[in-house]
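Heads up: the sequence lines are chains A and B, in that order. Here the first sequence stands for residues 1 to 379, where the numbers follow the numbering used here. Here the second sequence stands for residues 1 to 379, where the numbers follow the numbering used here.
Read the hints as simulated data drawn from the structure, not as lab findings. The model shown is predicted, which means the values in this text are computed figures rather than measured ones.
Partial chain A-side listing against chain B, Cβ under 7 Å, derived:
id, residue
1, Arg35
2, Pro66
3, Tyr318
4, Leu326
In this text, a Cβ means the ideal position worked out from N, Cα and C, and glycines have one as well.
Number of protein chains: 2
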Amino acid sequence: MSFRVIRTEGRARRGEFLTAHGPVQTPVFMNVATRAAIKGGLSAEDLERLHCQVALCNTYHLHLRPGPEIVREMGGLHGFMDWHRPILTDSGGFQLFSLAQLRKIREEGVSFSSHIDGRKIFLSPEESIRTQSCLGSDIAMAFDECVKIPSPYAYVEEACGRTYRWLERCRDELERLNALPDTVNPGQQLFGINQGATFRDLRLRHMEQIAGLDLPGYAIGGLAVGETTDEMYAVLDYLTPAMPAEKPRYLMGVGTPENIVEGVYRGIDFFDCVMPARNGRHARLFTRTGSINLKNEQYARDPRPIEEGCGCPVCQRYSRAYLRHLFKTEEILALRFGVIHNLWYYNHLMEDIRVALEAGRFAEFRRDFFALRGREPTE
Amino acid sequence: MSFRVIRTEGRARRGEFLTAHGPVQTPVFMNVATRAAIKGGLSAEDLERLHCQVALCNTYHLHLRPGPEIVREMGGLHGFMDWHRPILTDSGGFQLFSLAQLRKIREEGVSFSSHIDGRKIFLSPEESIRTQSCLGSDIAMAFDECVKIPSPYAYVEEACGRTYRWLERCRDELERLNALPDTVNPGQQLFGINQGATFRDLRLRHMEQIAGLDLPGYAIGGLAVGETTDEMYAVLDYLTPAMPAEKPRYLMGVGTPENIVEGVYRGIDFFDCVMPARNGRHARLFTRTGSINLKNEQYARDPRPIEEGCGCPVCQRYSRAYLRHLFKTEEILALRFGVIHNLWYYNHLMEDIRVALEAGRFAEFRRDFFALRGREPTE
Numbered sequence: 001m002s003f004r005v006i007r008t009e010g011r012a013r014r015g016e017f018l019t020a021h022g023p024v025q026t027p028v029f030m031n032v033a034t035r036a037a038i039k040g041g042l043s044a045e046d047l048e049r050l051h052c053q054v055a056l057c058n059t060y061h062l063h064l065r066p067g068p069e070i071v072r073e074m075g076g077l078h079g080f081m082d083w084h085r086p087i088l089t090d091s092g093g094f095q096l097f098s099l100a101q102l103r104k105i106r107e108e109g110v111s112f113s114s115h116i117d118g119r120k121i122f123l124s125p126e127e128s129i130r131t132q133s134c135l136g137s138d139i140a141m142a143f144d145e146c147v148k149i150p151s152p153y154a155y156v157e158e159a160c161g162r163t164y165r166w167l168e169r170c171r172d173e174l175e176r177l178n179a180l181p182d183t184v185n186p187g188q189q190l191f192g193i194n195q196g197a198t199f200r201d202l203r204l205r206h207m208e209q210i211a212g213l214d215l216p217g218y219a220i221g222g223l224a225v226g227e228t229t230d231e232m233y234a235v236l237d238y239l240t241p242a243m244p245a246e247k248p249r250y251l252m253g254v255g256t257p258e259n260i261v262e263g264v265y266r267g268i269d270f271f272d273c274v275m276p277a278r279n280g281r282h283a284r285l286f287t288r289t290g291s292i293n294l295k296n297e298q299y300a301r302d303p304r305p306i307e308e309g310c311g312c313p314v315c316q317r318y319s320r321a322y323l324r325h326l327f328k329t330e331e332i333l334a335l336r337f338g339v340i341h342n343l344w345y346y347n348h349l350m351e352d353i354r355v356a357l358e359a360g361r362f363a364e365f366r367r368d369f370f371a372l373r374g375r376e377p378t379e
Numbered sequence: 001m002s003f004r005v006i007r008t009e010g011r012a013r014r015g016e017f018l019t020a021h022g023p024v025q026t027p028v029f030m031n032v033a034t035r036a037a038i039k040g041g042l043s044a045e046d047l048e049r050l051h052c053q054v055a056l057c058n059t060y061h062l063h064l065r066p067g068p069e070i071v072r073e074m075g076g077l078h079g080f081m082d083w084h085r086p087i088l089t090d091s092g093g094f095q096l097f098s099l100a101q102l103r104k105i106r107e108e109g110v111s112f113s114s115h116i117d118g119r120k121i122f123l124s125p126e127e128s129i130r131t132q133s134c135l136g137s138d139i140a141m142a143f144d145e146c147v148k149i150p151s152p153y154a155y156v157e158e159a160c161g162r163t164y165r166w167l168e169r170c171r172d173e174l175e176r177l178n179a180l181p182d183t184v185n186p187g188q189q190l191f192g193i194n195q196g197a198t199f200r201d202l203r204l205r206h207m208e209q210i211a212g213l214d215l216p217g218y219a220i221g222g223l224a225v226g227e228t229t230d231e232m233y234a235v236l237d238y239l240t241p242a243m244p245a246e247k248p249r250y251l252m253g254v255g256t257p258e259n260i261v262e263g264v265y266r267g268i269d270f271f272d273c274v275m276p277a278r279n280g281r282h283a284r285l286f287t288r289t290g291s292i293n294l295k296n297e298q299y300a301r302d303p304r305p306i307e308e309g310c311g312c313p314v315c316q317r318y319s320r321a322y323l324r325h326l327f328k329t330e331e332i333l334a335l336r337f338g339v340i341h342n343l344w345y346y347n348h349l350m351e352d353i354r355v356a357l358e359a360g361r362f363a364e365f366r367r368d369f370f371a372l373r374g375r376e377p378t379e
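So that you can see chain A by itself, here it is in the shape it has in the complex (with noise of 0.2 Å):
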């Protein structure tokens, strides 16, 4: 077993996730580097920095550029970012969705025109395994068909038949590409997707079925593209009591710091988004408080950090002022430190959490969280 957990506080879970990189320490927020690389111009040094714990790859991306063949011959992803702590790939599910274009679902796979060059590819799960295997991250996921919220019940209930027989031969290929002399990452353990879109039966028996493959860990998919936040909660409800206890549970690309709050508190273990880097990179800087905007006048001679007291390489050196006049001459500094901070925020507030929760006192961490937001925690 891979996963345990050390502490609970209602549904909220303290845990730890063993990989071929080492501890995952949960919940866990997993730092976004879609093309092997933190958008804004951050490297593996400065992720140790920053005190990431995972940095989650995409297939989709990966496969397109440079091809997997050549992150195969680097070492894997490891070897070719110099990142030697955990990585998550996420399978191309997901951007086959968001981003190709021609898309064509049939029960073998998909085929698509990239999104670059128009050229057409066809991804299958076996060949989404096969890519991420080339990648050697330590969590593969599952190659999953994301339906838009909303879609009509039948579609959705075709697309989750679809989704667990794809999970099978994802798991299939893996075990096959594990047990070869010259995987990258043997140890490499594959994660199911929940699909169901604001379906309760649909989740939940879809849920039932892919747990029934006690894979090393289950995460929810098909969320935050198109519900409201109290969907998406309604569907956490629901759902997390049904997914197994002994696995770690991935809300997939969420969210905003009150959303991984609330997550974290309704059973949720890992979290992964692009907001803080895209905030980051717009000058929408995370606080305690709240965000800011650095671009505002208010700024422009101000002295302080963006916020007094955070650790971050940026706050520790440098002023608003600065930052504001950094992001309004369009220095590509201002990417940087912007997406620093935020990142730095984002892994402090879930070790913040990880604390709370070992303490006992998350129900107390969670009403000052929103407290200092002048929010009311959701129920």
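With the hints as your guide, set chain B onto chain A.
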């Protein structure tokens, strides 16, 4: 006297220039941080790691944004950037020549339209020095008129006369400002700038005039603006012997590694150029044997660093294959890595030059430097 020549070899000099923020070992390459940041996402912390001795910032750009008063309030550029080693500020003269629109030159100063928003602005010797005083640099450059090459003799002669009268006004204004009780950096020193295009008699006459003002240093301006490399070397050949031997000599805006070695050979002490950062952002990376274009297909599977044996933070960890991928996918990290490597290369080229001069082996160094590139030094 703030400059001393430690050792000479032919016309080449190994020296030390004292500033209010510590000594500068010469020959030195100044790292260009135009708008108080190195393009490509490098911070003061990065400059420290790259062994940068002097950051060069630009009066014209900082005058427009964020404006001198804000920088002054933040403790000058040293406080603003959190960079506590020497800073040189260019006067804005060159940018008026290269960037500003609707430029009108009068004895009093230059009126122009901002290249950003078309706003009408007036810059005079006094205004340039007042701005540089707010910026608090260690070396302020004189406000000069940089004429293009070729220009008519009569016009260049007129511009030289004006530049000399402006230099006297710069000196007087800086003396006045340095004596005020609330000056950011009362140790700010003024360098005069020689002009005269490629007219030998004008260059020499102007140099003799400005040398008479006994300033802390002298720059050669108006080169690398259209003349050939041979014409530039010819100017240096007759000009450096006419410059005060006991003052540092700064060849503005120059140049390639080859230009720098040839400049040192001709008695130059200070250099600056946007080339290493600009080339770095375009995947053109410097090595001992010349520069390579990392976008080339041949590097797609190359596990070696940019240059074997290079001690820069990029070469210490990352492969050409990874960097090529970052450049091809237009990751911002590619720009950062390219600039880090190239600035390291330049700063360490200067270190090698200084070591060679100290050992009395600069002639040998110069021969080997060109031999590695399959080329010959000049003469």
